[in-house]
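So the protein sequences, as listed, match chains A and B.
Basically this note's numbering = 1-based index in the first sequence + 66.
Basically this note's numbering = 1-based index in the second sequence + 66.
Any given hint could turn out to be false.
Since copy identity is lost for identical chains, a pair holds within one copy or between any two.
Stated by the list, open to error - When the alpha-carbon atoms are kept at most 27 Å apart in a straight line, the in silico DSS-like pairs for lysine-lysine are as follows: (1) Lys172 <-> Lys160; (2) Lys172 <-> Lys417; (3) Lys70 <-> Lys417; (4) Lys190 <-> Lys422; (5) Lys190 <-> Lys228; (6) Lys354 <-> Lys417; (7) Lys228 <-> Lys281; (8) Lys371 <-> Lys175; (9) Lys369 <-> Lys417; (10) Lys94 <-> Lys71; (11) Lys371 <-> Lys70.
Simulated from the structure, these hints should not be mistaken for laboratory data.
Number of protein chains: 2
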Amino acid sequence: MLTKKHNFGAGPCILPDSVLTRASEAVKHWDRADLSILEISHRSTEFELVVRETEFLVRELLDVPETYSILFLQGGASMQFAMVPMNFLGTGQKAAYLEAGFFGEKAIKEARISGDVTVVATSKDTHYRSIPREYNIPADAAYFHTTSNNTIEGTEMFNFPKSPVPVVCDMSSDIFSRVINISDFDLIYAGAQKNMGPAGMTLVIVKNSFLDGIKNPVHAILDYRVYRANGSMYNTPPVFAIYTAMLNLQWLKSKGGVKFIHMANLAKAQLLYDEIDNNPLFYGLAEKTDRSLMNVTFRMYDKEKEEEFLSYAAGRGMVGIKGYRTIGGFRASLYNALPLESVQALVDCMKTYIFKTKQNLVQV
Amino acid sequence: MLTKKHNFGAGPCILPDSVLTRASEAVKHWDRADLSILEISHRSTEFELVVRETEFLVRELLDVPETYSILFLQGGASMQFAMVPMNFLGTGQKAAYLEAGFFGEKAIKEARISGDVTVVATSKDTHYRSIPREYNIPADAAYFHTTSNNTIEGTEMFNFPKSPVPVVCDMSSDIFSRVINISDFDLIYAGAQKNMGPAGMTLVIVKNSFLDGIKNPVHAILDYRVYRANGSMYNTPPVFAIYTAMLNLQWLKSKGGVKFIHMANLAKAQLLYDEIDNNPLFYGLAEKTDRSLMNVTFRMYDKEKEEEFLSYAAGRGMVGIKGYRTIGGFRASLYNALPLESVQALVDCMKTYIFKTKQNLVQV
């Protein structure tokens, strides 16, 4: 008999069972079109309704003002690292970036291919274990770019600075996990494969006036305005990924929306951080004030034991808790669909592993 | 009781039933990883094996030499319209394009954003009903770009010119449908949503020496070399689309591969073109010598009857035979997974519609 899996993967990650069931059924036969969801035309009325409903759910769940457009793209956050400067960094301009993690660093590297970048602050010297707080955003920057949640390092930005210039934010790993004030941002992007849906689509929420200011010549498929003008259907969109995202957002709505899932996420994170802080074998990697609710990074004081703990946990059904290769240790991702029971199961592993260790000592 | 659907959609399009069944099962529960295919890490060994097997199947089915790389990207052919000139059209260079259809025209428009373009020949003045034959490719062009099959107009290129410069070909709508000599090309690209798999992935087959010559500074996610260096996993790939493509290529292999499916495709196309040519109500749109095996475009002499024929056919289970909006009339796409029985069903509609019309006349 197989142990029930507890999926702590960092993305692609756990999705609700009911979403998987409905997505699976639609691949076999989607009643609405009397075909598989993989076989329908993206120009069909049936699919047009899916795209518009997904858009509507994003707007409703995140309370997106009418002055913003909601777009679905491909290529993940990495494509946004390129598209943001291609669209918004004009000749002779510079962009301001906060460097608080591995992906922020990648975004900076990509922006430098398009133009000049000012790094307003960095926590690289402390391996990104915290998010810099004191910095100035130059008033002549084309935009300010930041990352709301650092998936690899396990830090999250709970306060965003007042900015004299438009704010662009990579929210790939915490979008839909907590209430945010959309009006504080001019462009938000997120790879879907965490709290939104399967890999293969990207969400962009963008203020229309910010888009209207684009002057750079950009290829159609890399131009946000083309997606806006065509309702995200300039070319064939990732049909199945959008459909599954719709199912997942319907599930989120049925759970009470972002406000309620945020409370559940707080409870899950607290359960795990409490164990990390109280268990004598483990310690957390991120600065306490910046601890992410989505990605919990931790290590063992005795690094030699980490491999053993990994197998011990794997034997009890834990999946995806190995830390990112440059960081080591463990990372447990607690995305929306992960139940509290899974966190409890991981905490139980951490507790019983002590016992196992003590037993071993006695036996030795 | 529902009529069995005959799916002639131009893409996303019909996929084999067995592929849909297996893909559907994997969304619910993928035994190999004991999770849903939507929930697995793209860095897991299980998925790494999927990517490598898909690559291997492409290599085997198309007989791709070892000197070529096989890459999986996102963004469809439209992204390739941008990436090709971004990567290969250097400053001060020009590219040569053949303009033989709506999508070729789009590719030219996008290339002009990056640099200079010479259109070597066009059939635009005859609404792209044929593929130009007499033209010269300038020996100083960076590359020559063409489209092997014009999805909208229903023409297909059966002979490719000898070119003094590297040849880039958009094979979105006829890849895997007939034997091609890969060595005649330097870069082939194809949106997956016809003969390869679901929407959301793009196949690129590229000669390594062609890639090695890239000098343009390109963002990582738009740089073919980055995909090669990372085995198509620079960032999170479209996991489900790749998995389903693997299933579909396994199916193609089980059918005897490209050579055998080509014979089946020839038979299907002949059945439909024969009816078009012999039925007094219909006529074909493409020049006979250039008729596509994949997309059959036709109209009725009496255009007023076209709406009625559409509903008549829809009532008999025909899906997706409405012609592209700029062309009108009908388009029946006969992709690999479409059975001969579906073509026969459409032919039967065309035959019985005459009878229906005659009856109406008698009744009137």
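Hint check results:
{"no.": "1", "hint": "Lys172 <-> Lys160", "verdict": "within (17 Å within a copy, 32 Å between copies)"}
{"no.": "2", "hint": "Lys172 <-> Lys417", "verdict": "neither (37 Å within a copy, 61 Å between copies)"}
{"no.": "3", "hint": "Lys70 <-> Lys417", "verdict": "within (19 Å within a copy, 57 Å between copies)"}
{"no.": "4", "hint": "Lys190 <-> Lys422", "verdict": "neither (37 Å within a copy, 76 Å between copies)"}
{"no.": "5", "hint": "Lys190 <-> Lys228", "verdict": "within (23 Å within a copy, 54 Å between copies)"}
{"no.": "6", "hint": "Lys354 <-> Lys417", "verdict": "within (21 Å within a copy, 75 Å between copies)"}
{"no.": "7", "hint": "Lys228 <-> Lys281", "verdict": "within (25 Å within a copy, 41 Å between copies)"}
{"no.": "8", "hint": "Lys371 <-> Lys175", "verdict": "neither (36 Å within a copy, 59 Å between copies)"}
{"no.": "9", "hint": "Lys369 <-> Lys417", "verdict": "within (17 Å within a copy, 76 Å between copies)"}
{"no.": "10", "hint": "Lys94 <-> Lys71", "verdict": "both (25 Å within a copy, 14 Å between copies)"}
{"no.": "11", "hint": "Lys371 <-> Lys70", "verdict": "within (24 Å within a copy, 60 Å between copies)"}
Consistency note: the structure conflicts with the earlier hints numbered 2, 4, 8.
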